[in-house]
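K.L.:
With the hints as extra help, turn the sequences into a complete structure.
Each chain, letter by letter, is given below.
There are 2 protein chains.
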Amino acid sequence: MTTFDPAGLTPAQARAMIRRGEITGPTTGFCAGYAQGNLVVLPKALAWDFLLFCQRNPKACPLLEVADAGERSFARFAPGSDIAKDIPRYRVYKDGVLTEEPTDVSAYFAERDDLVSFLIGCSFSFESALLEADIPVRQIEEGVNVPMYNTNIPCQSAGVFHGNMVVSMRPIPYKQVPAAVAITAGMPRVHGAPVQIGAPEAIGITDLAHPDFGDAVTIRPGEVPVFWPCGVTPQAAVMASKPAFCITHAPGHMFLTDVKNTALRF
Amino acid sequence: MTTFDPAGLTPAQARAMIRRGEITGPTTGFCAGYAQGNLVVLPKALAWDFLLFCQRNPKACPLLEVADAGERSFARFAPGSDIAKDIPRYRVYKDGVLTEEPTDVSAYFAERDDLVSFLIGCSFSFESALLEADIPVRQIEEGVNVPMYNTNIPCQSAGVFHGNMVVSMRPIPYKQVPAAVAITAGMPRVHGAPVQIGAPEAIGITDLAHPDFGDAVTIRPGEVPVFWPCGVTPQAAVMASKPAFCITHAPGHMFLTDVKNTALRF
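So the protein lines, in turn, are chains A and B. Add 5 to the 1-based position in the first sequence for the working numbering, that's all there is to it. Add 5 to the 1-based position in the second sequence for the working numbering, that's all there is to it.
Hints listed in this document are in silico derivations from the structure and should not be mistaken for laboratory results. Nothing here was measured: the structure is a model prediction, and the numbers come from that model. Hints may contain errors.
[Stated by the list, open to error] According to the in silico footprint, chain B covers these stretches of chain A (three or more CB under 8 Å from chain B): (1) 45 to 57; (2) 61 to 71.
[Said to hold, decoys possible] Ranges between beta-carbon positions, derived for each pair: (3) A17/A <-> D10/B: 55 to 61 Å; (4) D73/A <-> L103/B: 28 to 34 Å; (5) D217/A <-> A190/B: 32 to 38 Å.
[Stated by the list, open to error] Residues from chain B that keep clear of chain A, each with C-beta distances beyond 10 Å, as calculated: (6) G30; (7) Q60; (8) K90; (9) Q161; (10) I188; (11) I208; (12) S246; (13) A249.
Ideal Cβ placement from N, Cα and C applies to all residues, glycine included.
P.N.:
Okay, structure coming up:
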């Protein structure tokens with residue numbers, strides 16, 4: 006008898022299974038130690054503005070890789086990958102409206118040759134570093150999605166893209182806050198240090214119990230809510246601009262890279 | 006009697022003096038503690054490829070800021086600045102050939118509205134951190150330009166831009182090499198950690214006494230040559246592509262920003 010162990014898969018194995026349609030669910034816990042990434046695919050006409058938006062807001066939008074227009078592989082972070090098939094579930098937007106959640110978007114890449122794919126760092130990477138340091142990650146303990154909040158922190162605009170920063174929140178025991186800051190500050194390619202510690206109202210968050218995205222989590226006595234820049238920020242900026250066409254990953258259904266989280270520190 | 010003290014100027018004061026034509030020489034030692042940057046100005050048609058080249062080669066090409074097309078100010082790193090006048094000396098290239106070294110390029114910005122300005126991090130920032138830690142910076146001691154070498158390390162290509170990494174070399178006393186690595190690794194926005202320590206031939210450098218750019222410096226007994234990614238890399242890649250039009254700063258004549266070197270750590 007064999008047990009399916011997603012943490013033990015290599016990223017190439019996991020991508021192959023996803024490509025064959027054997028995995029269609031979230032990738033949380035897959036390929037222990039390897040970085041996962043957010044996907045945004047835009048027509049070339051919007052790509053300059055989006056690349057500039059990411060360059061100007063690197064904490065919320067840490068770019069890991071940008072493929073050439075029409076390229077269907079992240080050649081540097083995952084040689085041999087197929088961007089159009091290696092994510093378990095995609096979201097397709099037309100004029101800013103979600104039209105479809107397919108498991109394969111190769112038809113769109115076949116239809117047009119101007120699609121530019123962006124791979125953006127994901128907090129899964131720094132959460133694994135926190136867990137190694139015995140710092141709790143509440144939403145993993147509780148088996149829910151991380152709570153995310155809109156803030157009053159403006160992003161630097163770029164062309165058609167603008168908006169405020171979205172943050173994720175993790176309650177950290179107050180004695181471990183300095184370690185959590187130091188660990189994540191050392192990983193700038195996956196959001197880096199927190200933007201706020203302990204004073205949600207200072208960044209325009211009034212009700213921790215009702216996040217704007219994801220799920221609420223328990224904050225225990227002696228714990229401090231700590232807020233990190235979140236990869237939903239670029240997606241929110243893209244959606245707000247109502248692009249004629251856009252593909253993203255479905256939440257939690259990430260792109261698995263061949264690069265280890267530790268390699269993202271340097 | 007007053008003595009001219011360039012280190013004591015604020016960046017805004019120094020930019021104003023440069024703008025009035027009162028300073029036309031190199032900016033080494035200006036505005037102590039503040040980051041200086043490399044300038045590359047390209048027509049919008051080439052800007053996507055160049056932005057992608059920088060994104061793919063962040064150690065050699067650490068982008069600090071990209072202005073909007075036609076914008077003449079680095080609004081984030083130096084509010085109120087004038088990109089076309091605030092550098093003591095520029096270089097203008099046409100079809101890849103250096104045609105002029107003016108102190109003002111506002112005529113070119115007036116002539117066309119498609120120019121995109123890139124501000125790229127500079128090793129002056131990490132040298133000031135090394136000096137603070139009592140680590141010697143030989144070319145400053147000897148009053149010459151830093152030695153720079155072509156290597157066999159290929160950059161990731163992007164569109165028309167390709168080439169090998171150019172590195173700068175500083176001889177470091179062997180006991181201080183770990184500190185020099187740690188200090189610069191903590192400053193990824195100004196080139197970050199070295200790419201090679203002590204084995205120049207491993208990256209294709211055969212003769213330290215004859216650098217490809219800059220000047221040779223003395224390597225004393227007990228010192229190790231340490232090689233860092235160099236901001237000449239993007240300029241070399243641009244020149245190799247022979248763009249129809251390009252403006253850069255003249256070597257050593259940098260853009261003075263309002264951002265402190267220490268702020269680039271985070």
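K.L.:
Hint by hint, note whether the structure agrees.
P.N.:
Hints, one by one, checked against the model:
Closer than 8 Å: that is the beta-carbon criterion, and the stretch 45 to 57 of chain A has 4 residues meeting it against chain B, so the requirement of 3 holds. Here the stretch 61 to 71 of chain A counts 4 residues with a CB under 8 Å from a CB of chain B, which clears the bar of 3, and the coverage holds. A C-beta distance of roughly 59 Å is found between A17/A and D10/B, which places it inside the suggested range of 55 to 61 Å. Checking the proposed 28 to 34 Å range against D73/A and L103/B shows it holds: the Cβ atoms sit about 30 Å from each other.
Range check, D217/A to A190/B: Cβ separation about 36 Å, and the 32 to 38 Å hint holds. Every CB of chain A lies more than 10 Å from the CB of G30/B, the least distance being 31 Å, so the non-interface label holds. A beta-carbon of chain A is positioned within 10 Å of the beta-carbon of Q60/B; the least distance is around 6 Å. Consistency note on K90/B: stated as away from chain A, and its beta-carbon is indeed over 10 Å from all of that chain's, at 24 Å minimum.
Taking the minimum C-beta to C-beta distance to chain A, about 7 Å, the non-interface status of Q161/B is violated against the 10 Å cut. Non-interface call for I188/B relative to chain A: holds, since the shortest CB-CB distance, roughly 14 Å, exceeds 10 Å. At the 10 Å boundary, the C-beta of I208/B stays outside the reach of chain A, the nearest C-beta of that chain being 17 Å off. Chain A leaves S246/B outside its interface by the beta-carbon criterion, the shortest separation being 16 Å against a cut-off of 10 Å.
For A249/B, the condition that its CB be more than 10 Å from all CB atoms of chain A holds, with the nearest at approximately 19 Å.
In summary, the numbered hints that this structure violates are 7, 9.
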